[in-house]
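Top line first, the protein sequences correspond to chains A and B. With numbering that gives the first Met the number 0 applied, the first sequence covers 0 to 884. With numbering that gives the first Met the number 0 applied, the second sequence covers 0 to 121.
Just so you know, these hints were derived from the structure itself, not from any lab. Every value quoted in this text rests on a predicted model; they were computed, and no experiment measured them. Check the hints yourself; a few may be wrong.
EDC-like cross-link-like pairs, simulated, lysine to aspartate or glutamate; straight-line CA separation at most 20 angstroms [as the list claims (entries may be wrong)]:
1) A:Lys660 / B:Asp89
2) A:Lys87 / A:Glu264
3) A:Lys692 / B:Asp24
4) B:Lys88 / A:Glu585
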Amino acid sequence: MLNVLIGVCLAYVISLFAVAFWAERASMRGRANWLRSPMIYTLSLSIYCTGWTFYGAVGYAARSGLEFVTIYLGPSLVMLGWWWILRKLVRIGRAQRITSIADLISSRFGKSNGLGVLVTILAIVGTTPYIALQLQSVTLSLGAFENSDTLSDNTAALWVGAGLALFSIVFGTRNLDVNERHHGVVMAIAVEAVVKLCALVAVGVFVVWGVLGGIGPVLSEIDASKVATWDVNGNRWIALTFLSGAAFLCLPRMFQVLVVENADEGHLHTASWAFPTYLMLMSLFVIPIAVAGLKILPIGSNPDLFVLSLPLSLEQDALAMFAFIGGFSSATSMVIVASLALATMVSNHIVMPIWIKWSEHRVREFGDVRRIILISRRFAILFIILLGYIYYWISGGGAALAAIGLVSFAGVTQVLPAMLGGIFWRGANRIGATAGLLVGFSIWLYTLFLPSLGNVYSAAFLAEGPWGIWWLRPQALFGVTELDPLVHALFWSMSLNALTFLVGSLISFPTPIERLQGAQIVNVYDHSPTQRGWSGRAAQSEDLMIMAQRILGVKQARALFQAEVQNQGGQGYLPDPTPEFLRTLERELAGSVGAATAHAMIGQTVGGTSVSVQDLMAVADEAAQIMEYSNRLEEQSRELTRTAQELQSANEKLTQISIQKDAFLSQVSHELRTPMTSILSFAQILRDGASLKGQEQSRYASIIHDESVRLTRLLDDLLDLSVLENGQVNLNIATGRVQDLIDRSIATVIAGDAAMQMQIDCKIPVDLHSLTTDLDRLGQVFINLISNAKKYCDAASPKLQISAHQSGSDVIIDFVDNGIGIPAQDRDFIFEKFARVGEQKTGGAGLGLAICKEIIARLGGEITYLSGHRGAAFRVQVPVNFHAA
Amino acid sequence: MAKTVLLIEDEVNIIEALSFILSRDGWDVVTHSNGHDANEVITRREPDLVVLDVMLPGKSGFDILRDLRRDPRHQNRPVLMLTARGQSKDRDMAEQLGVSKFMTKPFSNTEVLDAVNELLSR
Numbered sequence: 000m001l002n003v004l005i006g007v008c009l010a011y012v013i014s015l016f017a018v019a020f021w022a023e024r025a026s027m028r029g030r031a032n033w034l035r036s037p038m039i040y041t042l043s044l045s046i047y048c049t050g051w052t053f054y055g056a057v058g059y060a061a062r063s064g065l066e067f068v069t070i071y072l073g074p075s076l077v078m079l080g081w082w083w084i085l086r087k088l089v090r091i092g093r094a095q096r097i098t099s100i101a102d103l104i105s106s107r108f109g110k111s112n113g114l115g116v117l118v119t120i121l122a123i124v125g126t127t128p129y130i131a132l133q134l135q136s137v138t139l140s141l142g143a144f145e146n147s148d149t150l151s152d153n154t155a156a157l158w159v160g161a162g163l164a165l166f167s168i169v170f171g172t173r174n175l176d177v178n179e180r181h182h183g184v185v186m187a188i189a190v191e192a193v194v195k196l197c198a199l200v201a202v203g204v205f206v207v208w209g210v211l212g213g214i215g216p217v218l219s220e221i222d223a224s225k226v227a228t229w230d231v232n233g234n235r236w237i238a239l240t241f242l243s244g245a246a247f248l249c250l251p252r253m254f255q256v257l258v259v260e261n262a263d264e265g266h267l268h269t270a271s272w273a274f275p276t277y278l279m280l281m282s283l284f285v286i287p288i289a290v291a292g293l294k295i296l297p298i299g300s301n302p303d304l305f306v307l308s309l310p311l312s313l314e315q316d317a318l319a320m321f322a323f324i325g326g327f328s329s330a331t332s333m334v335i336v337a338s339l340a341l342a343t344m345v346s347n348h349i350v351m352p353i354w355i356k357w358s359e360h361r362v363r364e365f366g367d368v369r370r371i372i373l374i375s376r377r378f379a380i381l382f383i384i385l386l387g388y389i390y391y392w393i394s395g396g397g398a399a400l401a402a403i404g405l406v407s408f409a410g411v412t413q414v415l416p417a418m419l420g421g422i423f424w425r426g427a428n429r430i431g432a433t434a435g436l437l438v439g440f441s442i443w444l445y446t447l448f449l450p451s452l453g454n455v456y457s458a459a460f461l462a463e464g465p466w467g468i469w470w471l472r473p474q475a476l477f478g479v480t481e482l483d484p485l486v487h488a489l490f491w492s493m494s495l496n497a498l499t500f501l502v503g504s505l506i507s508f509p510t511p512i513e514r515l516q517g518a519q520i521v522n523v524y525d526h527s528p529t530q531r532g533w534s535g536r537a538a539q540s541e542d543l544m545i546m547a548q549r550i551l552g553v554k555q556a557r558a559l560f561q562a563e564v565q566n567q568g569g570q571g572y573l574p575d576p577t578p579e580f581l582r583t584l585e586r587e588l589a590g591s592v593g594a595a596t597a598h599a600m601i602g603q604t605v606g607g608t609s610v611s612v613q614d615l616m617a618v619a620d621e622a623a624q625i626m627e628y629s630n631r632l633e634e635q636s637r638e639l640t641r642t643a644q645e646l647q648s649a650n651e652k653l654t655q656i657s658i659q660k661d662a663f664l665s666q667v668s669h670e671l672r673t674p675m676t677s678i679l680s681f682a683q684i685l686r687d688g689a690s691l692k693g694q695e696q697s698r699y700a701s702i703i704h705d706e707s708v709r710l711t712r713l714l715d716d717l718l719d720l721s722v723l724e725n726g727q728v729n730l731n732i733a734t735g736r737v738q739d740l741i742d743r744s745i746a747t748v749i750a751g752d753a754a755m756q757m758q759i760d761c762k763i764p765v766d767l768h769s770l771t772t773d774l775d776r777l778g779q780v781f782i783n784l785i786s787n788a789k790k791y792c793d794a795a796s797p798k799l800q801i802s803a804h805q806s807g808s809d810v811i812i813d814f815v816d817n818g819i820g821i822p823a824q825d826r827d828f829i830f831e832k833f834a835r836v837g838e839q840k841t842g843g844a845g846l847g848l849a850i851c852k853e854i855i856a857r858l859g860g861e862i863t864y865l866s867g868h869r870g871a872a873f874r875v876q877v878p879v880n881f882h883a884a
Numbered sequence: 000m001a002k003t004v005l006l007i008e009d010e011v012n013i014i015e016a017l018s019f020i021l022s023r024d025g026w027d028v029v030t031h032s033n034g035h036d037a038n039e040v041i042t043r044r045e046p047d048l049v050v051l052d053v054m055l056p057g058k059s060g061f062d063i064l065r066d067l068r069r070d071p072r073h074q075n076r077p078v079l080m081l082t083a084r085g086q087s088k089d090r091d092m093a094e095q096l097g098v099s100k101f102m103t104k105p106f107s108n109t110e111v112l113d114a115v116n117e118l119l120s121r
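Chain B extracted, bound-state conformation (with noise of 0.2 angstroms):
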């Protein structure tokens, strides 16, 4: 059974062209618009990824993660943060959090299919 990538993201077109990416490399994607309730969806899917937006509605991706690295249930669960906002502060407090890889919009595919490829250890 293909495992499960759990994609948090509010753009409509970059759910579009992640989930064509992500899909045809074979994973199951699931996707969820907002952040209000981000982390009861993640503990319903149990993801074995998740990509996580930092720019959401409702809840930032830095609060997303900091509340998941909290939940004993989803310590370590990969987490792949995609932002557009690149700046260097960011990536440390993505870090700080316990992010387990970190990437700036604009990304390649290869790229995102790379790092999703070896946190899923395929």
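Next up, chain A with everything else stripped away, as it sits in the complex (with noise of 0.2 angstroms):
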């Protein structure tokens, strides 16, 4: 029989692998829009009845009369009642991104570790019971069959276990997908849905028409037992029915199931009604069998196993197999689930961080990363399943199913304050949430989990308090002691966990990415688009589109996705979106727009999903940089406009300089030219003019002579201007008294002109001081200025004037003659070099005055022309004292 058994069990675990590895494949293939069904959803929700709910069911209402049904009545009243809260944890995690109930919490309370790291071992510690009461049912269920020694208990559960770990290995962790979707276990899991639906009601049918003998029958024989008899506590129902349903929302598994699997919105709608429906089904029976058990099976039967021992008492071994088939389904069920779940939570809350912080310095590969987490859920697998095993052997396996269910129950219902304040609160913060679940956690340990181990507690321990203070008794805290021991823990550790979860939040102050994800979860419908469907391929494939032309143009965009048209083997312009593809896309806009901004537009355009405030910081983020990026393009365009503007105005300068030289050779060159042409014309008449007269002779060779001066002069001033220009000039500076300086310069013009007619009047006052300068210079300025007045002044009888006066610092000297002076047109240039004014023939090329501007530019001071004469009148000023510039 055992054998028989085993056979049947293994074929049935082999179908079971089946099922999911053909789902895997559908689901990669993307041919399973099927699969994601809302009748897939809702068996799948059906995880909630374990094998605790299968066996432990009857065996609860032989005990406790019809109190079992509270188990049932809590998710069925969340389910009709609270679809709503449903609804708004499925958009959040599918806004957020949430991959599971740790995750839920961490990113509310501003991506908390901490806070994930504490939910993470509540759950595990929360579940291990559970999975002990799966390990228990099944070695029960086993033992009714058989009560050989050929398998011990503790064996047959050891097996059982790693069974289940490799199933949950094969199937959970065979990859990464960022939504966490698992689609093979899900369908395994809706086929033992099923399985364990038709078992059960297999068995009821049996019960009710092949043993009590119709309806009738049954209600009387109902009537007469016990189990209607029993009291209904009231106490007790309320906790039970709040416990279920709060259960139902916190643990790991149906948060797995319920948001995580959960691939649309819509699904919600249908399991509200299917699933009350499919627990009814499942309780239909429960009451008629627990009537026959104990009307039939002798007293002392486990009433856990009269799902099994009622068959195999009438010999019905085919109805009892598939009972166990159902039972094992149940068991095998959750244990697979919340492995998997709690894998989940483990890798990402506890490893990964760990692992981050470890290899910091350490060049990461994505690929390493993927292996890491793979590996690190394997391992989590094994290790929650052990924790299991090792719970159910500590324990014994001797506690009644129910009542291993309930402690457990408790456990994970303490997440609940923090999670329904979260979505619904935006004042939640850390600190409170932190708070409230280590002190619902540890009234929990304190009150429940450690009493259900057994021998924990001494009876005096239980009797009079830890070191004898009777408020902390176990189970009567503060002096409660009329209540029952599980609603004396639910009540306290709820209600002390939720009053300090509100304190808590009241008296600290949040963090700022704590308020973005408080606002972002609180209000998720205002931030996250209305869910489509995930059968739009085409309109998502099109979407996709739309946004790559619009970021790598159109022609690209087409191209790309022409390419992966043809990679596909498909037809059109539109490429499924496959993973690959859109792994290829985000690499492609992400060289656009940056890594953060592509990854949240994928998601947004695929997923549905709405951007969480991590990505639109890595977003924010990326458009600093792009923005400093392009600061410092504009401002090195900036330069660059800038530079150019140089560039050019020193090119012009150039362009100036170069027409002035041009300008200025020309005219050196005509300078030079002018008398060379005498020169040598006269001399060629001389060589070859025998004939000449004596007087022509001299006048000729005289004309050559005077051309010659001019043009030596020329050379000379020529050199001076340049020495000047360059500054390479070397300054005598002397002391002497103007009166001096003027008398001299005065002297040395006579002295070229014996004849000269001009008169010159000095007026220099007596007490005009010293100047101290380099008089050379300043003298050459003055004989220029006599000279051209000498040259220049038209006058019947010529007179200069020559006036001094001191100015604060500087000495002014004014030369003013009685000619018709220089026209106002002309004064601007006339000491350009050059410059000539009219149409006089005297023999200078212009540089004079350019030369004594020069001087009188290094020697500190200026010289003007002075306008308001009738003559030509300039006005040289120095300073008394030359200082070198």
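Hints are included, so try docking the two chains, each in its own frame, into the full complex.
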């Protein structure tokens, strides 16, 4: 019998493997829309009905009457009345890419990893008894078939555990999916849901019509049985209904199927009536089976095994086998999903943070991380199932199934205040959540979990409290003695948990990221788009195309999509949005808009996920970088423009200089060639002219002489000017009187032209200070001005008036003649080189005043033309004491 | 009757030198020393050859030449241009304006006489 049983079990498990494998393949090919149907979703929720529900409900009914109904009532009320809570959870899960309940709590409270770790540990501790419970139910049910020693209880439990671990590892950690969805697992548990319902209904039908003889006799049997007469404890009913409802929301495995594996919010509508119906069918035959078991089976039979022992005692082996498979299904589906959910939490919140910290200085690659995640999940699954086995082994497998289940429920329910507060109350914060969780968890450990292990507390401890403090008695906190232990523990843990959470949140302040996350999660409907179905594949590709065109440009986007269509071997111009293609696209977009932005865009388009705060922050970082980069570019461009302008103006200056140089050379050439022309011409005349008169000869020779002098003077002036302009002039600073300097200058001019007609009138104050400057150079200027007056003054009796006076630290010397002066339009350029006024030919090259100007500038003064005089008037102004510039 | 050469030049020594060598060679030399009324003088005197400086007070030799060539009476009148501005662009300018011969100062006397003889086809 046992061998047959094991054989059937193996065959069943293998077929489950096959179903899961096939579902995975189908979903990878993207042909499994019906895998995501609302019915599959509803059936997957049935992991709520575990081995405990399958076997334990009957036992519960046999022991405590109708109270077992509360276990079904809680979830049904949640599904029917509070599906809007679920809808919000599902929406948040989608929008924030939540992977587990620990992730939800951690995300809501500012990505606090401490909270993630806390919830993970709480979930492991809370779930361990439950896994032990499943191992126990399978072991017990095996024992019901054969009371032999061929297989000890512990060994059987170990084998079952190993098998379940294998299944979870194979289908739960084969691949990493961004959304943490496991199509194979979901499909397998949906099949198991159908199997366990059919098995229980089959046993029920057999009992009602095969054993008790129809509905009428059943009702009378129920009335006669003590099952119906058990008094109903109001406190327990309320507490248990609340507990099962809360556990339905908080259990990690329920969160996994409800939120994480949910593919479409719309499925909740179906589940809201279909799941309560499923629960009703599961509970329909519990009372008849319990009544029949109590009536037919010998006193002392384990009521938890009535489902099996009833058909066995009536020699319905095949039915018993079916029932066993049903119970097996209940137990395995729970363990698989629970271990998977917990493994995700362990790897995401415990292993990864440690590994990332540890490998901070090492090069990280995506493949590396992926490998670490998968390995850590596999080990976590093994570890969790092993923990369950250890709990089973320590507790000895004796406690009633329902009792263990309720302890577990109460443990995970401690997350409820933080979860509900987190999604509905923006004021909730990390401090409050952490404190509430710690308080609730500690009370649960102290008042419920440790007592459930058996002999942890001594009788004295229980009766008098630790160190004799009576109000700390584990089962009578604060002197409340009249409550049932479970209700007592639940009441104190939940109320103090909620109170601490409330007070903690009120008296502390959230961090900015908490505020943001709080707003995102509490107002999730404002921040996420209406859910779109996964069926709109073409529409999705079209959206991707539109987005890609905006970013990459029409041509490049088309080319990319076309290449992918060919790659996929499809037709048309839109490829299927396979994960590979999405990755390629994301990479392409990242090249243009940055990785975080690309990720957020793809996520928004494909998953209908809204952008999380972290995404937004990454996007903002990227934008800031891009902005900084563009600022730098702008700055560079400004600099370039500036440089270009400078270059242009330098170029203009150079051109100007070049033009000036050209003009200058042209002038110099002209000034040199002109006297040389005369010299050359007369020299040739003299050389060839034998017939010249003596008078002519001497005249031509004197012309040659004068022109040569002119040439020499021109060269001297040019060199002088060049030296002055280049600033290479050596000044010979000395001190002398202005009067003396002017006298010497006049004497020099007269010496060059003894027949000078011009009268010079000199008015120098006697008290004028001595000058300290380059007296020779200043004298050169004076000589030049006097010579000019002599040359150009056209008055009948030319007269030059020289006057001087002091003005501050300067000496001013004016030279005014009585000629016609310089026309106003010429005054501006008389100090330029080669400037000549009028049509007079005086033999000068027009460099004199230019040289004067340079000299006076060197001496730190200024030479100007004085307007307002009738004749030509120049003013020289130099400092009394020369200061080197 | 000897042909007339009108010499328009402002440097007295150059006027004297050119007058001397051209007269000795047998030409009638007339001189004028500014640019203002040079064109009127040419019209009045109708010389067989104009020897023209560029840098003249009042009006540059280029302007005189340009106006001369626009006047039908002087379109074919030989003009020998002598200038101390010896850059190639000056030569280009003169040729563009229709100069008969362009020479830079300083010149050798025989060169000038050869040019004058050539222009007057003797």
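Going through the hints against the structure:
no., hint, result
1, A:Lys660 / B:Asp89, "16 angstroms, holds"
2, A:Lys87 / A:Glu264, "9 angstroms, holds"
3, A:Lys692 / B:Asp24, "17 angstroms, holds"
4, B:Lys88 / A:Glu585, "67 angstroms, violated"
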